[in-house]
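K.L.:
Here's the letter readout for the chains.
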Amino acid sequence: MQEQGTIISVRGLTCAYGPAVVLRDVSFDVARGEVFVVIGRSGCGKSTLLKHMIGLLTPVAGQIVIGGRDIVTAEGPERLEILKNIGVMYQMGALFGSLSVQQNVGLPLEEYTDLPEDAVEAVSRLKLSLVGLERFADLMPSELSGGMVKRAAIARAMALDPAVLFLDEPSAGLDPVTSAELDELIRSLAAALGITFVIVSHELPSILSIADRVILLDDQARGIVAEGDPRTMHAESRDPRVRRFFDREARLPVEPPAAAAAATPEARA
Amino acid sequence: MRNDAQTVPPEGLAAEDGPPGALVLRLSGDLDAAHVARLWAPALERVRAAGPAALRLDLSGAGYIDGAGLALLVRLRAEAETAGAAVELIGLSERYGHLLHLAQRSIGAAAGGTGRPEHRGAARRAVEGVDGLWRDVRVVVSFIGEGSLALWEAAAHPQGVRWKDVIAQALAVGVESLPILLLIGFLMGLIMSFQSVITLTRFGGEIFVPNMLGLVMFREMGPLVTAILLAARSGSAFAAEIGTMRVNEELDALSTMGISPVRFLVAPRILASLAVTPIMTLIFNFASLVGGALVMLSIGFPLVVFTSRVFANVTASDLVGSMVKIAAFSLLVGGVSCLKGLRTGGGASAVGRSTTSAVVAGLVLITVADGIFAVLFYYYKF
Numbered sequence: 000m001q002e003q004g005t006i007i008s009v010r011g012l013t014c015a016y017g018p019a020v021v022l023r024d025v026s027f028d029v030a031r032g033e034v035f036v037v038i039g040r041s042g043c044g045k046s047t048l049l050k051h052m053i054g055l056l057t058p059v060a061g062q063i064v065i066g067g068r069d070i071v072t073a074e075g076p077e078r079l080e081i082l083k084n085i086g087v088m089y090q091m092g093a094l095f096g097s098l099s100v101q102q103n104v105g106l107p108l109e110e111y112t113d114l115p116e117d118a119v120e121a122v123s124r125l126k127l128s129l130v131g132l133e134r135f136a137d138l139m140p141s142e143l144s145g146g147m148v149k150r151a152a153i154a155r156a157m158a159l160d161p162a163v164l165f166l167d168e169p170s171a172g173l174d175p176v177t178s179a180e181l182d183e184l185i186r187s188l189a190a191a192l193g194i195t196f197v198i199v200s201h202e203l204p205s206i207l208s209i210a211d212r213v214i215l216l217d218d219q220a221r222g223i224v225a226e227g228d229p230r231t232m233h234a235e236s237r238d239p240r241v242r243r244f245f246d247r248e249a250r251l252p253v254e255p256p257a258a259a260a261a262a263t264p265e266a267r268a
Numbered sequence: 000m001r002n003d004a005q006t007v008p009p010e011g012l013a014a015e016d017g018p019p020g021a022l023v024l025r026l027s028g029d030l031d032a033a034h035v036a037r038l039w040a041p042a043l044e045r046v047r048a049a050g051p052a053a054l055r056l057d058l059s060g061a062g063y064i065d066g067a068g069l070a071l072l073v074r075l076r077a078e079a080e081t082a083g084a085a086v087e088l089i090g091l092s093e094r095y096g097h098l099l100h101l102a103q104r105s106i107g108a109a110a111g112g113t114g115r116p117e118h119r120g121a122a123r124r125a126v127e128g129v130d131g132l133w134r135d136v137r138v139v140v141s142f143i144g145e146g147s148l149a150l151w152e153a154a155a156h157p158q159g160v161r162w163k164d165v166i167a168q169a170l171a172v173g174v175e176s177l178p179i180l181l182l183i184g185f186l187m188g189l190i191m192s193f194q195s196v197i198t199l200t201r202f203g204g205e206i207f208v209p210n211m212l213g214l215v216m217f218r219e220m221g222p223l224v225t226a227i228l229l230a231a232r233s234g235s236a237f238a239a240e241i242g243t244m245r246v247n248e249e250l251d252a253l254s255t256m257g258i259s260p261v262r263f264l265v266a267p268r269i270l271a272s273l274a275v276t277p278i279m280t281l282i283f284n285f286a287s288l289v290g291g292a293l294v295m296l297s298i299g300f301p302l303v304v305f306t307s308r309v310f311a312n313v314t315a316s317d318l319v320g321s322m323v324k325i326a327a328f329s330l331l332v333g334g335v336s337c338l339k340g341l342r343t344g345g346g347a348s349a350v351g352r353s354t355t356s357a358v359v360a361g362l363v364l365i366t367v368a369d370g371i372f373a374v375l376f377y378y379y380k381f
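So the protein lines, in turn, are chains W and Z.
Quick note, in numbering that gives the first Met the number 0, the first sequence goes up one by one and the last residue is 268.
Quick note, in numbering that gives the first Met the number 0, the second sequence goes up one by one and the last residue is 381.
Hints should not be assumed to be uniformly reliable.
Said to hold, decoys possible - Facing chain W, according to a computed beta carbon distance under 7 Å, are these residues of chain Z, among others:
| no. | residue |
| --- | --- |
| 1 | Ala171 |
| 2 | Glu175 |
| 3 | Asn247 |
| 4 | Glu248 |
| 5 | Asp251 |
| 6 | Ala252 |
| 7 | Thr255 |
| 8 | Met256 |
| 9 | Ile258 |
As the list claims (entries may be wrong) - Derived SDA-like pairs (lysine to any residue); straight-line CA-CA distance at most 20 Å:
| no. | chain 1 | residue 1 | chain 2 | residue 2 |
| --- | --- | --- | --- | --- |
| 10 | Z | Lys163 | W | Tyr111 |
| 11 | Z | Lys163 | W | Leu98 |
| 12 | Z | Lys163 | W | Lys83 |
| 13 | Z | Lys163 | W | Leu138 |
| 14 | Z | Lys163 | Z | Glu175 |
| 15 | W | Lys83 | Z | Phe263 |
| 16 | W | Lys83 | Z | Trp151 |
| 17 | Z | Lys380 | Z | Arg124 |
| 18 | Z | Lys163 | W | Asp117 |
| 19 | W | Lys83 | W | Gly67 |
| 20 | W | Lys83 | Z | Asn210 |
| 21 | Z | Lys380 | Z | Asp369 |
| 22 | W | Lys83 | Z | Arg134 |
| 23 | Z | Lys163 | Z | Trp151 |
| 24 | Z | Lys163 | W | Gly67 |
| 25 | W | Lys83 | W | Ala162 |
| 26 | Z | Lys163 | W | Ser99 |
| 27 | Z | Lys163 | W | Asp113 |
| 28 | Z | Lys163 | W | Met139 |
| 29 | Z | Lys163 | W | Glu226 |
| 30 | Z | Lys163 | W | Glu116 |
| 31 | Z | Lys163 | W | Ala162 |
| 32 | Z | Lys163 | W | Glu109 |
| 33 | Z | Lys163 | Z | Ser259 |
| 34 | W | Lys83 | Z | Gly320 |
| 35 | Z | Lys380 | W | Glu120 |
| 36 | Z | Lys163 | W | Gly96 |
| 37 | W | Lys83 | Z | Ser259 |
| 38 | Z | Lys380 | Z | Thr306 |
| 39 | Z | Lys163 | W | Pro115 |
Note that these hints are calculated values from the structure, not bench results.
It should be emphasised that the depicted structure is a prediction, and the values quoted were computed from it without experimental measurement.
Just so you know, even glycine gets a beta-carbon here, dropped at the ideal spot from N, CA and C.
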């Protein structure tokens, strides 16, 4: 049974590489339009969870329902429908090196729409302008900086106007300023387009500034140990596993968004 | 840190018999890598030879102990303990005692961890081996299936093919290999004719060189050399390109866009190879004839003798045969190279490995297929 506001529903998900179980019996929901962040230390199964959610890996057990269709069991045209409804930004961007930035963004449009060539180009330039890259449309991916590659990858992921965007470690390998700009972009896209974001991250400042809701994965528990608003969690949780994650970097100056800060004033403390 | 005041006795190793059945091993001096290198074998040898009921390691004369020294102590202790001897350490400073304890704990944990699967290894490895082989077979079969389907769809719906990619690949595979193709063809024609002339002159048979050259080049060498060139130049490039895309998650990106990598990457490459290699073979044949003609001209035959004898001997079936061969070779080389690329693991070295194995597999397949063709053509009098 799916609620009205739920776009992704994961039930009883068990993920394993051979005999090594990474996640056991994990269940959670993602609400439509929220910025949902999967957090945890390296090796806790964040990326594994993401790869299962986008259908690259098949779980041992459980279901992952995206927009009413289970990506685990879906095949053929049904699977394609799910895939067209999601966009993925990979950690290193994964732009196609042989295509220009604009062609990268246009590729899904070429494949799945009957738009004429100039329309494809116009749409992909529009998507690039949403991420502030319209001036760099004709460059090759190798000519872009790390932050620009990620923004271009987001533009490509948005090409077909998907309902859900999956981002794998958006701030990995970026300097704090570029990383903050990317966070800003994610927030503005979420607000303007109503896209649901599912983000894997371990960057505390980024998590506190963008996330509506987080789940914290733990490698010992092989599952979710905490779920909720990260600012509340950061300020109030007494769970040692949560504290260990938040306190290690919590001394970094963090400016929580105004709305969230008002809701949980103690987060500033 | 180092205790330089320590005097280093010769060898730094003294062994003596202690209480009944016990061995006392006295290690002295700085137990660093250089010193331990000299002590390692004699000390272990001494313990093994004595097979003592108890081993007493006297370290009161030892100075600085580094990783190598610690490893020696761990090893000596393990050696004696597996032989059933009680081990006693004397004169080890507290600092090193703590370090040794740490080292032994983690080594013990590692041994305990890997030790158990090792014991039930044989059956398990056999199962895993069969399982791995089965997975490989499934991957290859599904690749062939998907590849055939992609080619079939390309034939059925040519408008769905990414012709821009096909043309780009065709240029890379064909046009860019033209110089080397011409060079090899010319030289092979020249060398072969020259060698044959030397032999055949003894029987006054040099007039038959054009017959031989035409037949050998059209039937055998043309497709073979073109295919080898394809494997070396383009097969390696296919595997490296696709392998790098795997490493950069670009293949994953394709999959999550719902675009089949086989249709998107493999089909254009195989189509391009299929399209240009027959032309490459013809060009190679032509270049080899030029080389042969040069030899015949140089020993005094007019050009028309050469050309007429070549074309009187080479029939349409030779040409068709060579086209069939090169088509099969390029399918095999293109297919296996792309497959190796798709199956690349992680990291830069994996790309290197898959490139190498793409070329090797390509060459092996060409040779095997050529052998099969030789038998088939003979059997069917083609």
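K.L.:
Of the hints given before, which are not true for this structure?
P.N.:
1, 2, 12, 16, 17, 20, 22, 24, 29, 31, 34, 35, 38
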